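*Asks:* Quick mapping for you: the protein sequence lines, in order, are chains P and Y. Be aware that the first sequence starts at 1, since it is given in this note's numbering, and climbs by one per residue. Be aware that the second sequence starts at 1, since it is given in this note's numbering, and climbs by one per residue.
I should point out that these hints are in silico values taken from the structure, not numbers from a laboratory. Please read all numbers here as calculations on a predicted model, not as lab measurements. By construction, the Cβ of each residue, glycine as well, lies at the ideal position given by its N, Cα and C atoms. Keep in mind that a hint or two might mislead.
Claimed, not checked - Derived DSSO-like pairs (lysine-lysine); straight-line CA-CA distance at most 30 Å: (1) Y/K111 <-> Y/K399; (2) P/K180 <-> Y/K325; (3) P/K448 <-> Y/K399; (4) P/K442 <-> Y/K399.
Unchecked claim - Not close to chain Y: a few residues of chain P, all C-beta gaps over 12 Å, as computed: (5) S129; (6) N177; (7) D208; (8) T211; (9) Q240; (10) N274; (11) Q326; (12) K349; (13) K354; (14) A400; (15) T411; (16) Q461; (17) G463.
As the list claims (entries may be wrong) - Some chain P residues judged to face chain Y by a derived CB distance under 7 Å, without partners named: (18) T110; (19) N114; (20) K443; (21) L444.
Protein chains: 2
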Amino acid sequence: MAIKTPITIAYGDGIGPEIMTATLNILTAADAQIQPEIIEVGEKIYLQGFTSGISDDAWASLKRTKVLLKGPITTPQGGGYKSLNVTLRKTLGLFANVRPCVSYAPYVATKCPNIDLVIVRENEEDCYSGIEHRATDEVYQCLKLISRPGCEQIIQYAFEYARKFNRKKVTSFSKDNIMKMTDGLFHHVFNEIAADYPDIQHDHLIVDIGTALIATQPERFDVIVTLNLYGDIISDVAAQVAGSVGLAGSANIGYQMAMFEAIHGSAPDIAGKNIANPSGLLNAAIQMLIHINQPDVATTIENAWLTTLEDGIHTGDIYSATHSKQKVGTQGFADAVIERLGKTPSHFKPADYKPGAYAKIQCYGGRPRIVSKKELVGVDIFIDNPTDIPAETLASKLKALDTDMELIVITSRGLKIWPNSTIESPYLRHCCCRFQSSGDVKKLSAIKHEDIIHLLQQMNQLGLDVVKTENLYTYDGELGFTLAQGQ
Amino acid sequence: MAIKTPITIAYGDGIGPEIMTATLNILTAADAQIQPEIIEVGEKIYLQGFTSGISDDAWASLKRTKVLLKGPITTPQGGGYKSLNVTLRKTLGLFANVRPCVSYAPYVATKCPNIDLVIVRENEEDCYSGIEHRATDEVYQCLKLISRPGCEQIIQYAFEYARKFNRKKVTSFSKDNIMKMTDGLFHHVFNEIAADYPDIQHDHLIVDIGTALIATQPERFDVIVTLNLYGDIISDVAAQVAGSVGLAGSANIGYQMAMFEAIHGSAPDIAGKNIANPSGLLNAAIQMLIHINQPDVATTIENAWLTTLEDGIHTGDIYSATHSKQKVGTQGFADAVIERLGKTPSHFKPADYKPGAYAKIQCYGGRPRIVSKKELVGVDIFIDNPTDIPAETLASKLKALDTDMELIVITSRGLKIWPNSTIESPYLRHCCCRFQSSGDVKKLSAIKHEDIIHLLQQMNQLGLDVVKTENLYTYDGELGFTLAQGQ
């Protein structure tokens, strides 16, 4: 390996500089073939006026190397500063967040000594797109978006990961018993893609039960793939249960670019004291070495690190009277790892990343795209009804309008309030009026956008405050909307 | 207590009849002053053609008694059957799901022996309203709705509960660092209402960290109040960690009506075998007795039940060689509880519900309603862009339209793709075009609904497929929408 791989390094804030120094010392001692380009990101850059926490020069390096090893960042409060992680993730399309989660009992305290799982979390969609509106004085809404390509790439990534890292099973989590379309899509695509990987087992859990099982029986999981919000929650649960919040690294992976970091924060309270544990960043660096196809170096470092843990050489955060022999600082810990380069752990299972086998996992773009025939068949028109006009009165007004569409149902927060409502005391101030080309969803015919506009004009003349619309479509004849309760 | 309280009883499916019989036997032996009205719900009723799982007669009883003690129900698969729980919850406005979660170590296996918390979960809103649309061939969406009255009633309920049950602290969970408007509202209302309860401590956690702490340090929590989805997840985590899935009851509370049930299912595989543990339903019945103001009976039964656990009289589900003395069946367990009526536990803290103190918790309707001045200032128009028209081309078309509004930004899944996008390879097939009355959000002036309709007409003439709209409002001058990244 004569040619060194250029990588971009950001020391970060708080304990960032000291743990990065320790990590790079270990990489150098292990003869990692890397050529670091140092960039400055985070607090200093924020305070220079870059609200994204990163300067143009730093961007240039990133785009050149396509690999970033990053120390933790402090985002200043207020003042419109944006999380650098969010900026990097969104701008670079880092769609997969990959978090191995391992317990290191008995050297690190945990209630679950046999955890060895990986969470692959979708990183770009879900309720995290920041699309929020206040529709009425009292009702706020957030748009959860799930796309087929988004599901395909993250699920494909999870199965490719499982195959490359010799994992046996991929489990998906969703809440598709409630969110039948969005989470249903994720589950559906999961089954589709699982069929392409007959060598990997797969199953699916509802996220509430799944999360409870991570909390109590995490050893049953291997690779878990899930949506953004659920992934956020279960990543924290798994790390906490494993006791590895201070030791774990994570990767953010896109088609062009990858970023590696510890999962912990910048811990400004202990910065500069040479007591922070560099293990989280070191484990991120190990993931990076695999990514840039230096699995031999990754193996050597991971085994030295495991041996150091076994030998009881511990930083203060994991020091215990029973399992530790020597308390060391940040650099002392790095030195202990360096001393053990070439050694193999006896208690822990040794790492053995095969040369060539674990290089960058590619997801080969979209799957064959089959476009459905889309037909406009109706519209949901949401109104603000601050004076609590009863549903019956609303309905009689709407039924009198000049349109070929039929008023089918009026709902409030998903509950039918007209016709024949059984709701005792309905909430009336945020109503959805559903118009369809036919009352029978099996006999829907196409309407035109003009029909909807014509309806909106008339509702406006009635003085109704239309706050939002959602068109109703069919796709190859299948309904592109959920039926209201009782519809 | 001469007058008996009428309550509605549904035996339910699977193990329902036997655990209900056992529970009622205990209530009778403890001299609970109740007058049961038996209704039939569930499987039989579903198969008679009531897709909601409940007949009109049964409704009549419920509306008379306003209290339901319900055995577990089996919802038949397929055929359009609706979950009876969902029907009851929605129709009767049961806005609060209340789940006490207690560990009973060492008699019931748990990794966390000191759990004693209560989860108060919002039950009507969030992503659970079933409002889903497929906006384009590839993009599905779910609408998350959070209302101020919804937040107020559940949070007020949690604090009232804490006060009445002598709890010290209420913790709220949300993800308001990401969902600043919806979850932000919940957090904001929480702080508002907490101020009315200076005798109760309060704090707030981000849901990912909060859930991780429930999994590992549940003993730090007292009362937790949260939104529907988070509540669903953490209820399962807490019950699993406590080891109390088979023992816990829950309440669903509305202004007019309350329903009490075990948290476990109907377990058809062990139905009719007299081996099921009736404790979950019994604990639900204890909650019910408190609700109908018979705290003395509730106290007597809970203490007898705790004593039975301590005495090692266990059903098979919790039987262990170390902590059990006698394995009993469903009715045998009930008999053991009945024998111990009047006894007080020595290991567990005895129950002591004060007469009169814990009657039905009222939430006194809405808080004073202050209506903001609402002004329409723009619109988000979402389009399906199946041919990947570049954002720049779209923008130049839209900027040429005849309108007083200004095209401010085009986004895709919340990311800015015009102007000056930094996104490497944007997803173009689901775009949001934001028009505002001014480019400067501090200088927004009112527009009319006609202006939006006029814009829609022109976009339609351009052949653009508008799939949804979201109006942009200000409320007392405050923005009723989030700014796009980079806006």
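*Asks:* It remains to establish, for every hint, whether it holds in the given structure.
*Replies:* Hint check:
Distance check on the hinted pair: Y/K111 and Y/K399 sit about 62 Å apart at the alpha-carbon level, beyond 30 Å; violated. The suggested pairing of P/K180 with Y/K325 is violated, with an alpha-carbon distance near 47 Å, which exceeds 30 Å. Only pairs whose Cα atoms come within 30 Å are accepted, and P/K448 paired with Y/K399 is accepted, the gap being roughly 24 Å. Of the pairs offered as hints, the one joining P/K442 and Y/K399 is violated, with about 40 Å between alpha carbons and a cut-off of 30 Å exceeded.
The beta carbon of P/S129 sits about 3 Å from the closest Cβ of chain Y, which is not more than 12 Å, so the claim that it is off the interface is violated. A cut-off of 12 Å between C-beta atoms contradicts the statement that P/N177 is not in contact with chain Y; the least separation is 9 Å. With a least beta-carbon separation of about 4 Å from chain Y, P/D208 fails to lie farther than 12 Å from that chain, contradicting its non-interface assignment. Separation of P/T211 from chain Y is inadequate, the least Cβ-Cβ distance of about 5 Å not exceeding the 12 Å criterion.
With a cut of 12 Å on Cβ distances, P/Q240 falls inside the contact zone with chain Y, its closest approach being about 4 Å. With a least beta-carbon separation of about 27 Å from chain Y, P/N274 lies farther than 12 Å from that chain, consistent with its non-interface assignment. Look at P/Q326: its CB is around 27 Å from the nearest CB on chain Y, clear of 12 Å, so calling it non-interface holds up. Its beta-carbon lying about 24 Å from the closest one in chain Y, P/K349 satisfies the requirement of being farther than 12 Å from that chain.
Distance check for P/K354 against chain Y: the nearest CB is about 31 Å away, which clears 12 Å, and the non-interface claim stands. Once the 12 Å rule is applied to beta carbons, P/A400 is consistent with being away from chain Y; the minimum gap is 19 Å. For P/T411, the non-interface assignment is contradicted: its Cβ lies about 8 Å from the closest Cβ of chain Y, within the 12 Å cut-off. Not every CB of chain Y is more than 12 Å from the CB of P/Q461 (nearest about 10 Å), against its label as outside the interface.
At roughly 10 Å from the closest C-beta of chain Y, the C-beta of P/G463 falls inside 12 Å, breaking its exclusion from the interface. A cut of 7 Å between beta carbons decides the hint on P/T110: the least distance to chain Y is about 9 Å, and the hint is violated. The beta carbon of P/N114 is not positioned within 7 Å of any beta carbon in chain Y (closest approach about 14 Å), and the interface hint is therefore violated. Interface hint at P/K443: violated, since its Cβ lies 18 Å from the closest Cβ of chain Y, which is beyond the 7 Å cut-off.
Against a cut-off of 7 Å between C-beta atoms, the interface hint on P/L444 is violated, since the closest Cβ of chain Y lies about 14 Å away.
When the structure is compared with the earlier hints, violations turn up for hints 1, 2, 4, 5, 6, 7, 8, 9, 15, 16, 17, 18, 19, 20, 21 and for no others.
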